[in-house]
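Could you put the whole structure together from the sequences, leaning on the hints where they help?
There are 2 protein chains.
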Amino acid sequence: MKASYRIAATLLAVFALHPGRASAEDVRWRDAASLEIEGRGWAKTAGPYDRLPDSAKSKVNSTAWNLSKETSGVCIRFVTDAAVVSVRWSVTSGSLAMPHMAATGVSGVDLYARSAGGSWRFVGNGRPHKQDGNLGRFEFPEGAKPGRECLLYLPAYNGTKSLEIGVPASAHLEVPKPRPEALRKPIVVYGTSIVQGGCASRPGMVWTAILGRMLDRPVVNLGFSGSGSMEPPIGEPLAEIDAAAYVIDCIWNMSEDPNVYKDHVSNLVHTIRKARPDAPIIFVGQSLMRPEAHPTKSTIGQEAAVRALQEEGVKGLVAVPGGNLIGDDGEGTVDGVHLTDVGMLRQARALLPIVREAVSGLIE
Amino acid sequence: MKASYRIAATLLAVFALHPGRASAEDVRWRDAASLEIEGRGWAKTAGPYDRLPDSAKSKVNSTAWNLSKETSGVCIRFVTDAAVVSVRWSVTSGSLAMPHMAATGVSGVDLYARSAGGSWRFVGNGRPHKQDGNLGRFEFPEGAKPGRECLLYLPAYNGTKSLEIGVPASAHLEVPKPRPEALRKPIVVYGTSIVQGGCASRPGMVWTAILGRMLDRPVVNLGFSGSGSMEPPIGEPLAEIDAAAYVIDCIWNMSEDPNVYKDHVSNLVHTIRKARPDAPIIFVGQSLMRPEAHPTKSTIGQEAAVRALQEEGVKGLVAVPGGNLIGDDGEGTVDGVHLTDVGMLRQARALLPIVREAVSGLIE
Numbered sequence: 026m027k028a029s030y031r032i033a034a035t036l037l038a039v040f041a042l043h044p045g046r047a048s049a050e051d052v053r054w055r056d057a058a059s060l061e062i063e064g065r066g067w068a069k070t071a072g073p074y075d076r077l078p079d080s081a082k083s084k085v086n087s088t089a090w091n092l093s094k095e096t097s098g099v100c101i102r103f104v105t106d107a108a109v110v111s112v113r114w115s116v117t118s119g120s121l122a123m124p125h126m127a128a129t130g131v132s133g134v135d136l137y138a139r140s141a142g143g144s145w146r147f148v149g150n151g152r153p154h155k156q157d158g159n160l161g162r163f164e165f166p167e168g169a170k171p172g173r174e175c176l177l178y179l180p181a182y183n184g185t186k187s188l189e190i191g192v193p194a195s196a197h198l199e200v201p202k203p204r205p206e207a208l209r210k211p212i213v214v215y216g217t218s219i220v221q222g223g224c225a226s227r228p229g230m231v232w233t234a235i236l237g238r239m240l241d242r243p244v245v246n247l248g249f250s251g252s253g254s255m256e257p258p259i260g261e262p263l264a265e266i267d268a269a270a271y272v273i274d275c276i277w278n279m280s281e282d283p284n285v286y287k288d289h290v291s292n293l294v295h296t297i298r299k300a301r302p303d304a305p306i307i308f309v310g311q312s313l314m315r316p317e318a319h320p321t322k323s324t325i326g327q328e329a330a331v332r333a334l335q336e337e338g339v340k341g342l343v344a345v346p347g348g349n350l351i352g353d354d355g356e357g358t359v360d361g362v363h364l365t366d367v368g369m370l371r372q373a374r375a376l377l378p379i380v381r382e383a384v385s386g387l388i389e
Numbered sequence: 026m027k028a029s030y031r032i033a034a035t036l037l038a039v040f041a042l043h044p045g046r047a048s049a050e051d052v053r054w055r056d057a058a059s060l061e062i063e064g065r066g067w068a069k070t071a072g073p074y075d076r077l078p079d080s081a082k083s084k085v086n087s088t089a090w091n092l093s094k095e096t097s098g099v100c101i102r103f104v105t106d107a108a109v110v111s112v113r114w115s116v117t118s119g120s121l122a123m124p125h126m127a128a129t130g131v132s133g134v135d136l137y138a139r140s141a142g143g144s145w146r147f148v149g150n151g152r153p154h155k156q157d158g159n160l161g162r163f164e165f166p167e168g169a170k171p172g173r174e175c176l177l178y179l180p181a182y183n184g185t186k187s188l189e190i191g192v193p194a195s196a197h198l199e200v201p202k203p204r205p206e207a208l209r210k211p212i213v214v215y216g217t218s219i220v221q222g223g224c225a226s227r228p229g230m231v232w233t234a235i236l237g238r239m240l241d242r243p244v245v246n247l248g249f250s251g252s253g254s255m256e257p258p259i260g261e262p263l264a265e266i267d268a269a270a271y272v273i274d275c276i277w278n279m280s281e282d283p284n285v286y287k288d289h290v291s292n293l294v295h296t297i298r299k300a301r302p303d304a305p306i307i308f309v310g311q312s313l314m315r316p317e318a319h320p321t322k323s324t325i326g327q328e329a330a331v332r333a334l335q336e337e338g339v340k341g342l343v344a345v346p347g348g349n350l351i352g353d354d355g356e357g358t359v360d361g362v363h364l365t366d367v368g369m370l371r372q373a374r375a376l377l378p379i380v381r382e383a384v385s386g387l388i389e
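In order, the protein sequences belong to chains A and B. Residue numbering for the first sequence follows the numbering used here, beginning at 26 and increasing consecutively. Residue numbering for the second sequence follows the numbering used here, beginning at 26 and increasing consecutively.
Source of the hints: derived by calculation from the structure; they are not laboratory data. Everything numeric in this text was worked out from a predicted model, so none of it was measured. The reader is advised that the hints may include incorrect statements.
The list cannot tell twin chains apart, which means a pair is met if one copy fits it or any two copies do.
Straight-line C-alpha distance at most 20 Å; calculated SDA-like pairs for lysine to any residue [as the list claims (entries may be wrong)]:
#  : residue 1 : residue 2
1  : Lys170    : Glu317
2  : Lys202    : Glu337
3  : Lys82     : Glu256
4  : Lys84     : Glu265
5  : Lys170    : Arg315
6  : Lys322    : Pro166
7  : Lys170    : Ala318
8  : Lys186    : Ser144
9  : Lys202    : Glu328
10 : Lys155    : Gly119
11 : Lys155    : Ser120
12 : Lys322    : Glu167
13 : Lys287    : Val339
14 : Lys186    : Trp54
15 : Lys82     : Thr70
Quick look at the structure:
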C-alpha cells in the first residue's frame, strides 16, 4: 500500500473523507453537552459552550461579548472503552480559517487521551471542511481500553453550533469521575488573541490548553481577540469564578500609558480581591520576538502598577517579565506577534513553574 | 493607541491592508528573479522559480512534476540599505490554504535578515489574501543599515507567478556577494509532503529552510507531496546537482516492503554515486509521534538497504533513526503525521549535527 500524503496520510483522513465508512460501523451518537464540559467559568450560559454568561454582557466590550461565543479552551471530558471515537460537529461561522491560522486551529476539534503514565497524549485532530456536519474519526493506537479518559477541545476561533461524540454501539461512553478535589478549581486566563489561541495549529496547542494538561487542571480561557484590555468592570465577571489562580495577559491589547495600567490593574485586582481574598493573580509581561526590546514600556507600566498594589499590602500578586516567554530566536510567531505552536509551547513552559507555585499556595 | 490584534496588530499588517500607504512612499520595484535565486538545483528551468528542469519531466512521477511548480524552499537573497522592504507577489493557484495548513505557509512569503551576530533572524511574513497582487511590507526594527543581507522565502505549497521586491526610491537593492566558496554547494533534500513543508506556519519554518539557516548554506527542496517515493529514475536528476550532501526523507510515501527499499535505495545510491563519488547521502528514518512505535517496519527496511550497500563497499552513506526526529511528547504534528512548527524545528535540530558532519567530510 502506498501512503499518499496529500490524499490520505492516515486512516483518520481516509475516514474523514469517506464518512460512509464510519457510519457503517453503527456509531451511537451522544450530544457532547451531556458529558462533562470543562473550561467554562459558569454553569449557566445561553449556549452550552459559551464562555460568558448573559449577566456579563454589560460588563465587557461588545467585541469580547461576541467572541465569548467562540469556544476557545472549552473541552469535553469523557470516558470510553471504545477503540475508535467519532466526532460530528458544526460551527457557527462559515469563515473556517484565517490567513495566518489554519482551519484546524480556528474551527477544528482536537482529541487527547490520558496515557498509561497518566499524562495527556495527543490522539488526533478533526479537520473542518465545511460549516455544518464535519466528521472526525479517531482510532487509539493501543486499541480498546476500559475507562479511557479523553479530552476533546472545541474550535478556538469559531463557535460550536453542535457537537456529538460517537462510539460503536457495543462500547460505553460516559461522564467521567470528577477530577480530584485538589485539582478541581480552574485557572482563569484573561487576555488577548494570543490567549484565545492565535495562531495555534489546533485547539489543543493553545498555550492555556497546554498549561492545563501540564497541570492536569481545568483552565477557563477568557481570551478575546483584540479586546482583552482589562477595562472595568471586567473584574466583576472574573471574580464570580472560584479560581485556583487568575492569569492576566492583556498587554498587547492595551496602551503603553503607565496611568492606564495603574488604573486598570488596580481596579481589576481590588474587584477580584473583594470576592476572592486568596486567589493568586498573575500578570504576564509582553511577549515579543526581539529579546533586545525587553522590557517593553507596557511591561514596565504593568509591573509598576503591580508593585504599587503590593506596597499597598495586597498579597498574592505576581508580575511575570515578558522577556523569556517565547524564546530568543525569533521563531515563535507567525507574524511577529501571534504565536505558532513553537511560541505556544514555549509560553506554556515559561508560565508552568510560576502558575504551579501559585496554585500550590506558595506565592506570598 | 489601542493595539487591536484582529484588525491590525502590527504596522506590517496596517500597510498590508492599506497598500496605498506603501505606494505613497514612492517604492521602486524590481523583479525578484533579477536578484539571486537560491534553493534551485538547476539554473535553467521553464519558470524562474521552478524546482525541476524540463529534462526531469520524464524521470519523475506526474504529481511530483506538477508539484515542482510549487516554490517550496526557493528563496531570494538580496542586499539593501532600506529601512523598509515591500514585496508584491501573485500565486498560480487560488487555493491559498489547506485545512491543516495556514495560507501564510501555503502561499505566503517570509523575510529573514542577517543579524549583527551573523545569524538569520525572522523579520516578518507576508499574508496572502488573494491570488494576484498580494502586498507585504517589512520594516526592520533597527532601521536602515548599509549592506543588509536578506533572504525571502517563496510560498511552500503554491506556485509563484510573479514576485517583485520594492524599496524606497532613495535606497539600494542589489544582488549580494556570492556565499563563501566553502558554503556554496547546496544540500539537496528529496522527499514527501513534510519535506515540501506540510504543515509549517510560514515558508521559513519548513525544516529544510531552518536547516539551511542553521548551516548558512543553500538547500534545494525537492519535497513532493505524496510523491517522494524514490522510484527510479529519480536519481538521475538528483545526480545532476553538485550537492554538498543529499538528504533522502521518503519513507512516509513508500511501502513497508523491505524489497522496495532494497531496490529503490540501491538504484538511487548507485545513480548518484556514478556522478557524485564523494557526496554524502543521508537516509532519514520515519518520523512518528508515538515513540513506542519506533523503529517502524519502513525504517527497518530502509536501514537494511543502506547497510547492504555499505557492505558492498559504498562509502558516505548514513541512515538516521526516525525515533528522535520530532520529540516524544506527541505535540510536533497537526494531524499525527504532518509537522507543525514544533515538529519542523525539532526535525531540523535533530538532523543538524548529522548533516553538519556530513558536509564537513567527516562521514566515512
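Checked hints:
no.	hint	result
1	Lys170 <-> Glu317	between (51 Å within a copy, 17 Å between copies)
2	Lys202 <-> Glu337	neither (43 Å within a copy, 60 Å between copies)
3	Lys82 <-> Glu256	within (14 Å within a copy, 61 Å between copies)
4	Lys84 <-> Glu265	within (12 Å within a copy, 67 Å between copies)
5	Lys170 <-> Arg315	between (47 Å within a copy, 17 Å between copies)
6	Lys322 <-> Pro166	between (49 Å within a copy, 16 Å between copies)
7	Lys170 <-> Ala318	between (51 Å within a copy, 18 Å between copies)
8	Lys186 <-> Ser144	neither (30 Å within a copy, 47 Å between copies)
9	Lys202 <-> Glu328	neither (41 Å within a copy, 46 Å between copies)
10	Lys155 <-> Gly119	both (7 Å within a copy, 18 Å between copies)
11	Lys155 <-> Ser120	both (9 Å within a copy, 15 Å between copies)
12	Lys322 <-> Glu167	between (51 Å within a copy, 17 Å between copies)
13	Lys287 <-> Val339	within (14 Å within a copy, 70 Å between copies)
14	Lys186 <-> Trp54	within (16 Å within a copy, 47 Å between copies)
15	Lys82 <-> Thr70	within (11 Å within a copy, 60 Å between copies)
The structure is inconsistent with the numbered hints 2, 8, 9, although it conforms to all the rest.
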